[in-house]
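**Student:** Sequence:
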Amino acid sequence: MLGSPLLHLRKLPALCFALAICCSLYSANALAQVFDSEQQRFRLKVVSEGLEHPWGLAFLPDGRMLVSERPGRLRLVDANGRLDPQALRGLPPIAAVGQGGLLDVVLHPDYRENGWIYLSYVAAGAGGYGTEVLRAKLKGKTLVEVQILFRMLPKSASGQHFGSRLVFDRQGFLYITLGDRGDRQRAQRLDDHAGSVIRLHDDGRVPADNPFRDQPGARPEKFTLGNRNLQGAALHPQSGELWTHEHGPQGGDEINIIRAGVNYGWPVITFGRNYGSGTPIGEGTAKPGMAQPLYHWTPSIAPSGMAFYTGDRFPAWRGNLFVGALRDQMLLRLQLDGPQVIHEERLLQGSIGRIRDVRHGPDGFLYLLTDSPQGMIARLEPVP
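Residue numbers (mature numbering (1 follows the signal peptide of the UniProt record, and there is no 0)): -32 to -1, 1 to 352.
For the record, the hints were derived by calculation from the structure and aren't laboratory data. One or more of the hints may lead you astray.
[To be verified] Taking lysine to aspartate or glutamate pairs in the EDC-like style, the calculated list, with each CA pair at most 16 Å apart, reads:
#	residue 1	residue 2
1	LYS109	ASP46
2	LYS105	ASP170
3	LYS105	ASP171
4	LYS107	ASP30
5	LYS109	ASP30
6	LYS105	GLU81
7	LYS13	GLU349
8	LYS107	ASP137
9	LYS109	ASP52
10	LYS105	ASP78
11	LYS13	ASP331
[Stated by the list, open to error] Per label pair, the in silico range of CB-to-CB distance:
#	residue 1	residue 2	range
12	LYS255	ASP296	25 to 33 Å
13	GLN183	PRO352	32 to 40 Å
14	ASP331	ARG119	49 to 57 Å
Treat the numbers as computed from the prediction; the structure is a model and nothing was measured. Beta carbons: idealized from backbone N, C-alpha and C, even for Gly.
Given these sequences and hints, build the entire structure.
**Tutor:** Pasting the structure below:
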């Protein structure tokens, strides 16, 4: 009768050693997901996985999330992070070409009352491809009442620089950011949508006070010109102004405040240089009548996605601007003093992959999308 207990006692050291190994591995894995910033310790939690090149993220009032996948699918993730295996139906044909595909997704500011969801995407047409914007309503797992509000013209064969972020301002105007489509000079043309920010009413009508509306030959939807490729946009929480960032070539990634009729200079002025040769682009870094960036990066960080933090979960970060970066796979925290960037901190460098989008969640956490064939939604949570 004593043999069995003694046998178990002999096995205790090995059992304790095995448990210690398991605990140490678990602890190491947990600690690998905890990060210290200058002002805030935080944990990185994976919310959902298995997304193919996710691009944009929107939060539904019931706790679910809408996620766009660049190959042309719109996905639903429930409040517990479970990805619905079935993509939503009802999208028009999406042209997943080069850097294009299904891009941003946002809700109307009055979504609870009207149910409108807005999507930017790349579509084929006469001359090639271009960015388009639609709105639709979600019924079950199908988009219904689909209305195309904007078509970028002219279309072209290039697979580069489609933009595109969507932002509503406090007056209910919709802003659409567009790239130059890889053809630099298009960004300086008023008769071309490329390389600009577009401003519309929520139903696609052109506002009466758009800066080029009454100028002969100009595209009335244009709000700016001289932009290279804007893939981040967010409203400043105090001023209500639209802030954007855009890719430079070799250097010259910029943050700008978007204002009516302003020429942001590309490709006449830039802090960037030509790929390969490193030779200067345009006429230098400044020219009368063209705006200087608020902030710029050289060498390039390849920015994508941005959000101001205004919540209570991270008090030390309140009012900071967060920017995702594809190059060096990082999240940048920018500390502001009014409209000036006074400090930069680089977080998560090389930890989770290329960061495509950054969103401030309704729960006060920061959410990230990683750009990968096996992309994910991750959440930053404070650690005491």
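**Student:** So, for every hint listed, does it hold in this structure?
**Tutor:** Against the structure, the hints:
Proposed proximity of LYS109 and ASP46 is supported: the alpha carbons are some 13 Å apart, at most 16 Å. About 14 Å separates the Cα atoms of LYS105 and ASP170, which keeps this hinted pair within 16 Å; it holds. Distance restraint check for LYS105 and ASP171: the Cα-Cα separation of roughly 13 Å lies within the 16 Å cut-off, and the hinted pair is therefore satisfied. Distance hint between LYS107 and ASP30 is fulfilled; the C-alpha atoms sit about 14 Å from each other, no more than 16 Å.
Among the hinted pairs, LYS109 with ASP30 is consistent with the structure: their alpha-carbon atoms are about 15 Å apart, no more than 16 Å. A threshold of 16 Å between alpha carbons decides the hint, and for LYS105 with GLU81 the separation of about 12 Å falls inside it, so the pair holds. Between LYS13 and GLU349 the CA atoms are separated by roughly 7 Å; this keeps the pair inside 16 Å, and the hint holds. For the given pair, LYS107 sits about 26 Å from ASP137 by alpha-carbon distance, which is inconsistent with the 16 Å threshold.
A hinted pair counts as satisfied when its Cα atoms are at most 16 Å apart, and LYS109 with ASP52 qualifies at roughly 10 Å. Straight-line distance between C-alpha atoms of LYS105 and ASP78 comes to about 13 Å, which keeps the hinted pair within the 16 Å bound. At roughly 14 Å between alpha-carbon atoms, LYS13 and ASP331 fall within 16 Å of each other, so this suggested pair holds. As the Cβ distance of LYS255 to ASP296 is approximately 31 Å, the hint placing it in 25 to 33 Å holds.
In this structure, GLN183 and PRO352 break the distance hint of 32 to 40 Å, their C-beta atoms being roughly 57 Å apart. Checking the proposed 49 to 57 Å range against ASP331 and ARG119 shows it is violated: the Cβ atoms sit about 36 Å from each other.
In terms of the numbered hints stated before, the structure departs from hints 8, 13 and 14, listed from lowest to highest.
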